[in-house]
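Asker: Chains as they are written, first to last, in this note's numbering: chain A, 1 to 167; chain B, 1 to 442.
The hints are simulated quantities; they were obtained by calculation from the structure and are not laboratory data. Hints are supplied without guarantee of correctness; some may be wrong.
No farther apart than 20 Å at their CA atoms in a straight line, the calculated lysine to any residue pairs in the SDA-like style are these [to be verified]:
(1) LYS134(B) to PRO149(B)
(2) LYS97(A) to GLY144(B)
(3) LYS97(A) to PHE264(B)
(4) LYS97(A) to ASN268(B)
(5) LYS97(A) to LEU271(B)
Note that the structure is a prediction, hence the values are computed from the model and not measured.
So you can see what is in the structure, the chains are spelled out below.
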Amino acid sequence: MRRALAAGAVAVLALSGCGDTTDEGTGTAGESSSAPSAEPTGEQSEDPTDDATDDPTDDDDKGDKDNGTEPTDDGSDDGPDDGAFEVEIEGGEIEPKGERVDVAAGEPVRIVVESDRPGEFHVHSSPEQYITFPRGESKVSFTVDTPGIVDVEEHEAEIVVLQLEVR
Amino acid sequence: MVLAHGIGGSQDLPIPASYAIVGACIALVVSFTVLAIAWREPRYDADRSGREAPAWLARVVDGLGFAAALRVVGLVFFGYVAWAAIFGPDLLINPTFGVVYVLLWVGLVPSSLLFGPFFKAVSPVRTINLAFTKLLGGGDPERGIFELPRWVGYWPAAFGLFAFVWLELVYPDSTYLSPVRLWFAVYIAAMLVGSALFGTEWFERADPFEVYSTLVGHLSVFGRRTDGTLMLRSPLANLDGVVPRPGLVAVVAVLFGSTAFDSFADSNLWLLYTQTTSIHVPTLNTVVMLGFCALVFTTFTVATMAATMRGSTQDIRRRDLPDRFAHAVVPIVVGYIVAHYLSLFVEFGQQTLAQLSDPMGTGADLLGTADWQPNNWLSLHPTFLAVSKVIAVITGHLVGVVASHDRALKLLPKRDRLVGQLPLLLVMIIYTAGGLGLLFFG
């Protein structure tokens with residue numbers, strides 16, 4: 001049941017996404033007025049952000065891969081908190097704004113978020129990953145398996161906070 | 001590219017700096033080697049080179065059945081995608097976006113490289129025009145009401161190409177259905193009205209996809225002699241057959257400039273800038289993309305006009321020289337486009353084929369491809385990908401340099417034949433090195 005809920009939440013999140021796609025049927029439309037509303041499968045009526053606020057961990061459809069994994073040293077030591085990257089959101093300001101960082105394919109990418117509102121990261125990997133975070137300080141983590149440049153975009157601000165150079 | 005966000009995929013890793021440097025050095029050496037040791041008399045002549053295609057092949061290709069079959073295939077596919085574009089969901093799972101930006105725009109390069117002027121054979125607007133003239137019992141679809149003035153040349157196509165890359169690379173809502181539908185409605189209207197007025201020549205001058213495809217098709221082994229005979233010949237001889245017309249430089253400049261802009265706009269530097277500036281980003285991108293195209297156009301025009309101060313042999317005016325040399329940049333452009341779009345075409349192309357199976361987003365599997373998972377072998381082998389990119393760019397450069405050398409021998413007065421090539425050679429090296437630089441910079 002919880003998984004179904006999570007999947008539903010993902011579908012709704014995807015629905016309100018920023019013009020991006022998922023790989024399989026739960027596609028997205030943006031909030032642009034040019035996009036008529038769409039009905040992906042498994043849509044639920046809850047507000048996605050409320051739904052996910054109390055669960056800071058990875059909430060995407062393949063999230064259980066990361067849930068509970070204790071972060072290990074992934075070698076990308078150029079951030080604080082032992083290799084985690086930091087994102088700060090306060091009063092409409094968001095930092096960083098597109099910093100490029102090196103990460104290793106298949107290793108967890110960890111982000112420490114300090115935010116005055118709940119929000120969501122879109123990780124533009126294939127397939128895409130959607131990760132919500134609550135208000136306050138939280139830690140999120142996900143992995144990217146395929147090498148490439150992957151944008152991590154904060155959905156509400158529509159700002160790419162990090163560009164992962166995945167090798 | 002903008003689509004990289006749309007398709008949920010990542011961009012390619014930049015190629016290593018050493019690859020870019022080695023590639024640029026090879027281009028430099030190749031250029032001067034060609035200049036120093038290549039032939040001294042023009043060698044390629046599209047009308048005399050090559051041999052006639054085997055009789056059976058010519059019979060099939062020239063047959064009515066073959067032409068009709070391609071037209072039907074083109075029209076059915078067009079109708080299928082139009083169905084998805086008009087009635088399908090406005091989501092990124094709608095195959096329209098992949099078909100337009102990847103299968104059509106990128107895919108016409110490999111299909112034309114392999115088969116020659118591919119788009120011309122399947123072009124839905126040509127088919128619709130043909131059907132109209134037949135239905136209305138009108139005369140020859142080839143002939144319109146007016147003759148297209150000579151100075152118009154390829155300028156309408158250059159304009160159309162710019163309009164397309166603007167939609168794809170600059171317009172922020174390029175992955176929504178309504179702008180795509182609007183763009184194609186205008187395109188189809190322009191093609192049909194134009195061909196009614198000026199006959200089918202309009203397609204050869206104004207249809208951005210046909211002009212692009214036919215240009216790239218000159219790098220295939222298939223060509224036609226002036227009398228229409230199907231010929232097999234080396235791509236270099238085939239390239240010689242590109243018809244120079246006003247605006248050809250503009251066409252090439254838009255293709256190259258916009259692809260370079262795409263690389264540039266993907267760079268981290270540009271991301272950091274556009275996310276912090278208060279300038280309206282689409283306007284800024286429009287100006288910068290136009291600037292890239294203008295830069296290619298200007299450098300090429302200046303370099304070819306600097307080839308001789310004396311006027312050309314064959315009574316060609318100096319200001320006609322740029323269009324006479326423009327075919328030689330086509331291989332450089334194609335090499336760079338292959339490098340730039342290779343992984344996107346292979347990986348998102350597969351995803352589009354899967355999406356095509358479910359055009360309405362209802363979970364249908366009309367083509368049996370819905371369950372395809374894109375094979376991302378290329379992305380998983382970044383070294384192989386990077387090497388392929390450099391090879392594509394260098395190959396394009398080599399072919400381009402040979403083509404321009406041959407054309408110089410044909411056009412330039414004897415005294416300027418070698419020295420006159422230097423400005424153009426320099427510009428070509430800059431294009432190639434610039435392309436490699438952007439592949440590294442991205």
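Asker: Next step is simple, just say for each hint if it's right about the structure.
Answerer: Verification of the supplied hints:
1. LYS134(B) to PRO149(B): Answer violated: LYS134(B) to PRO149(B) is near 26 Å, above 20 Å.
2. LYS97(A) to GLY144(B): Violated - the C-alpha atoms of GLY144(B) and LYS97(A) are around 55 Å apart, more than 20 Å.
3. LYS97(A) to PHE264(B): This hinted pair holds, its Cα atoms lying about 18 Å apart.
4. LYS97(A) to ASN268(B): Roughly 10 Å between the alpha carbons, so the hint for LYS97(A) and ASN268(B) holds.
5. LYS97(A) to LEU271(B): Status holds; Cα separation ~8 Å.
Checked against the numbered hints above, the structure breaks hints 1 and 2 and satisfies the rest.
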